[in-house]
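> The chain contents come next:
Number of protein chains: 2
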Amino acid sequence: MMTSPDIPLRTHCPLCGPAPSGLLWEDAQLRVIRVDDSPFPGYIRVIWRSHAAEMTDLSPAERDHLMRAVYRVEALQRQMLQPDKINLASLGNQVPHLHWHLIPRWRADPCFPDAIWAPGHHDPVRQAAWQQQAQDLSARVPALHDAIATTLKGT
Amino acid sequence: MMTSPDIPLRTHCPLCGPAPSGLLWEDAQLRVIRVDDSPFPGYIRVIWRSHAAEMTDLSPAERDHLMRAVYRVEALQRQMLQPDKINLASLGNQVPHLHWHLIPRWRADPCFPDAIWAPGHHDPVRQAAWQQQAQDLSARVPALHDAIATTLKGT
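These protein sequences, in sequence, are chains A and B.
With the first sequence counted from 1, adding 5 to any position gets you the numbering used here.
With the second sequence counted from 1, adding 5 to any position gets you the numbering used here.
No lab work stands behind these hints: they were computed from the structure.
A portion of the hints provided could be inaccurate.
A short, non-exhaustive set of chain A residues, derived as facing chain B with CB atoms under 10 Å [stated by the list, open to error]:
#1 E59
#2 R68
#3 Y76
#4 E79
#5 P115
#6 C116
#7 I121
#8 P124
Which chain B residues stay away from chain A? Per the calculated CB distances, all over 12 Å, these [what the hints assert, rightly or not]:
#9 R36
#10 D42
#11 P88
#12 F117
#13 Q136
Sample of chain A residues with no beta-carbon within 12 Å of chain B, all distances over it, derived [what the hints assert, rightly or not]:
#14 L20
#15 W30
#16 D32
#17 G97
#18 P118
#19 V130
Remember, predicted model here, so these are calculated numbers, not experimental data.
We treat Cβ as the ideally placed atom computed from N, Cα and C, and that holds for glycine.
Whole structure, please, built from the sequences with the hints as guidance.
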């Protein structure tokens, strides 16, 4: 996959350069990535391709383009997985290259109702119940990924 | 302050109804609130007035209106406080009424580079250094609040 030469890159930034694994869809400005190494089924990241740190580093049209992709993915997460809540976050403290976390949440998940960055719960009964639910949800995640790739391609 | 009768309210939702304390600015659709009970100077919340849980519960025009307010506040936080990073998050797991957290972050703050919902650091040397920086920043926060109220009024 070629990286367009007009996209500014930072040599040491892990989100600059070739697409990371898990690419579901990309256009000239952004990439939609599935997050596989997470206990939260259906977790997706939307990554701006140029090296910018903050939403207000983008032009208004670029912000709108990025958020429209976020909303499309959120709508598909809700439609395909019926989570109890969606969490959206642009943090970037560790990697200051603009990317959005889109995390479906369930009441039984390891951190609910706290943010996924909070310490998890360690109640064995709760953990066992979540394990079954997470397994059922994970079986539906490939269809979510297909829907994201197909739907965003059509836009 | 009157609540417009056409704004749907949920009886038991803490973000429905009259404006909470710390109101900096509001229009018919959203409120901008300063967060006073936080160790993060300049922390602001932007709260949608109607009871909606997710960005995709809003119309596209409503989403744009909400995010434009978020960007205006982010720009002022950067201009007035020069943080090392801005964190944006719409979580709502505890209060599923759409609200955005806008959190200026500094390398020395109690959680950096983690999310503010992660366990903080407990290094006394680091804590002492941050205490001084936080005090200096807090002295600049009233000017940020004034700028938010003045700037958003003019839009």
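> Output the numbers, in ascending order, of every earlier hint that fails for this structure.
5, 11, 12, 17 and 18
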